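Asker: Given next are the chains, with one letter for each unit.
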Amino acid sequence: LGGRETRSLRHFLSLREGSIFIVTVAISILFVVFYPLFGSLASFYVIATTAAPLIIIGTGQTFLLTVGELDLSVGAVFALAPCLTLVLYGAGIPLPACMVIAILAAAVVGYANGLISVKLRVPSLLTTLGMFFLATGASLLITNFETITAPFTTVTISSFETAMGGGTVGYVPTTLIWGIAIAAVFAVIFLYTKHGLWTVATGSNINASLEVGVNTTRTKILNFIMTASLAGFAGILETMRTETAYALQGGFPLTLQTIIVAVIGGTALAGGSGTVIGTMIGAVFLGVLYDGFAIGGFGDNEFRLTLGLVLVTAVAINLRVQTIRSLGRTGRERGK
Amino acid sequence: MNTDVLRERLNARRIVTSREGSVLLTSIALSLVFTSINAMFVTGHNFQTIGELITGNSVVAAGQVMLMVMGDIDLSVGAVYALTPTLVYLTYTAGMPLEFGIPLSILAAVCVGFVNGIVTVGLRVPALITTLGMNFVITATNVIISRAYQNPMPGWVCPGQSMSAVCPPSQRVLLPLTWIFGGGSVFGIEISFIWTALAFVILAVMLARMRHGLWSIATGGNTAGAKEVGVNVNWTKVRNFVLCATIAGIWGLFAANRDFVFGGTGLDNPLAGGDTLVLESIASAAIGGTSLFGGSGTVIGAFFGSLLISVLQDGLFITGANVQSYDALLGIAIIFSMVLNMQSRRRSRQGG
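Here the protein sequences come in this chain order: Y and L. Sequential numbering of the first sequence, starting at 640, is according to the working numbering. Sequential numbering of the second sequence, starting at -17, is according to the working numbering.
Extracted from the complex, chain L is given alone in its bound form:
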């Protein structure tokens, strides 16, 4: 009995490993193909580009995984991604310091997640509808409050001069909070890369090893059963909505502050993220093996899914191949990995 359970676990683990492994292998194979077409693909500069693409959607995809293992989804991530920089810009121009604006903007993202969770759990509105409505509301709010302009992010000060004065890059002093939230770099590595790696470690441990992760998977696998054994199903759901929205908000700040790394000025784009981020985060999670049936999924899969998408996008661009085929290839990747995923699920069920 005990050995059977053990074998089943090992078996299931092997399948999961091979699934994520297959996505990684596909990414490597694709990279080799792109390199053989254009050697520019393996330059440090291009790795930076791919890294930025991954940073953009992988952690949001991991947040999406936390929801998808419960059978829920968040369509508002793209809007929240643009909400935080908009609020930071707004509070800063209103004369408030970043020490106030950045926490406030993150708090706003938390609130969005909380409302998503409360409406979904409390009013029993399907998550798809709740977050779709939220997506519309937040996107519209972003554009209205930023008056549809792309505004410069607050980021540096010029000692001895006012902000409006022309300040040569050599004299600029980056604000510490901007440095932390995506504007800085450590040994030439963008700080958002480091945050992304850190977030993956934390989220992977959380989903696979911690009580909250167990509760999330239990809720998705069998809600009634989870309730029976004392899982606080509702609170688990709300927490994951908050987690997902908060991630989207913070990584939105990283994206807006990125240009500071290169001595430029960050941009608060009210339409950053948008539907593209929503779709690509779901696609990354799906390619990484997380389905919407709930009860199974891995954070690291989302990373590999995001890696595959980013390599594809960058490679098609850099090789000058048909950029039009990106959409088609992404579609094939999503469908193909989901079919594989379902087959392996069925096989593991039959084996057990």
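Looking at chain Y on its own, in the form it has when it is part of the complex:
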């Protein structure tokens, strides 16, 4: 390899997203070689619909982790918003209005998370754990333990419903299109706007940020609201796709997965550094792994086992890479 090529390769590997991207591509190639079905359209649909909600909620979680907090209630909000949507729709309110109300309700949940965590200084893990139960309870109460079937899909799927996650464009599920669009928009917000800068600043050194005039309280609360709203939105998309809503959809497993995709994508759990694109790749990785294992005839348990090992390994490696990266930087400076 020429000097320039090795340098660019090394640069790519030193990117936070680099390692998970390479692993995802490698594992996809392995799956295609061993299980030709992995390359089929049905398989693509599974990967896309598994990854989409994780991309959307993981994006919010990335902001929150970066700012030094986390949200365990997303799995419950993922159920609350669609349940509310369908309950309201059943009461005769037009569908778009139901969705808006439901997302606003999700935003209120996020606002409450933020207020309690930031203003009352309760650790967000416990705040949002409480909120997880509270939101699940609310969903159970409004649905009365029943699975609600979306009544509108029995006739024909309108273009609005297709756009809101109920169909596909070509072969691509609209949920995935939403996922990629949201990740792209929020990646720009993360990298190029004041809010993104403040998020990173607050997460890496809150006292210094306060000194230089960052409104850390607002930044944190805004991120809580954003994450909960995205969770609600992802839940609505999922319900439009599956045509049902029930109080226990998503739940704690989904919550854990949103944190996992962010963390294996390169976002630090301790705050101060994060990457939306990494989270997106992490979500795709999880989808690929899930789909590949299913096609390969392995059960859910082998998937979980592997995911557990990958999670710890990825975080351990990420920590090392970060150390090496910072060492490399100082080394270069010394070289000059």
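The set of hints was computed from the structure by calculation and includes no laboratory data. It should be emphasised that the depicted structure is a prediction, and the values quoted were computed from it without experimental measurement. Think of the CB as a built atom: it goes at the ideal place given N, C-alpha and C, for glycine as much as any other residue. Among these hints, one or two may not hold up.
Ranges between beta-carbon positions, derived for each pair [to be verified]:
hint, chain 1, residue 1, chain 2, residue 2, range
1, Y, D939, L, P158, 30 to 40 Å
2, Y, N846, L, I19, 44 to 54 Å
3, Y, V664, L, M192, 48 to 58 Å
4, Y, R959, L, G212, 25 to 35 Å
5, L, L14, Y, L754, 30 to 40 Å
Fit chain L to the supplied structure of chain Y, relying on the hints for placement.
Answerer: Below, chain L alone, put in the same frame as chain Y:
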């Protein structure tokens, strides 16, 4: 100076006492409400049910407290809770005696805790991630090795007959180790209740009076400061991870062997515990006043937190009230107690 310190201590103690007291009072108030709705709530049978609910998560919550005072957490307790009975079943069906299988299964729980600790301390992976990964790995292992079946626990033998023969309950002889590990009863009290009470005394003394407890709180309160004064921070952390996992493992055995008390057969459920136990153990600790900021927490608070949760769960069920509202009420209880906790912390800081 000296009196100031003393007063501050007394002041802090009063606040802590009132916090735990308030949880206890809430539990009593709730019990009264449930009793007024349905008198069945105060029957001996129902106390047994509540006792079983408390046994299920209170000691695990106390183990969680030991970690939470250091700012760590263990999400793998639910999985370890199911791992031990699975291993006992597995070794017994492989022809090994319980004298081998039970220590082995507890050793496995110890190892899980040790790995949690080593990965967290040695590789500096956050405890949340380490134990989350461990949760996935162990849960999957449980289901795979038990082939997703609920298997009968080994517990009794039938003198003169083989195990497979139909044995009337009157002729069954409970194995001594099964009796000790949750299958027996003393004067009509389940033995796991006694172990639970004993564990609380030991853990409370350990956290409040012994060096290990002091080191744990010191590590959580100020890691760098604790290191300076010679606390072995890393080893303290590892020990608490081991403690928490071991507790989860042993109490998992108790849960699996419980049915033997009533003349039934214990069940090794590969999905016992699970996320519910993880969440409820953290919730109990939080309601009992232990926060995740580290540096403060009480074992007895975890007991009262668990009591509150259990009374709530049982009461909603027995009164036929909206069972759906359990989740919502639990959520409110967690948030409310944490807010109270933070307020009293801030007040005690300002007072000092």
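Asker: Against the structure, test the hints numbered earlier, and report the numbers of the ones violated in rising order.
Answerer: none
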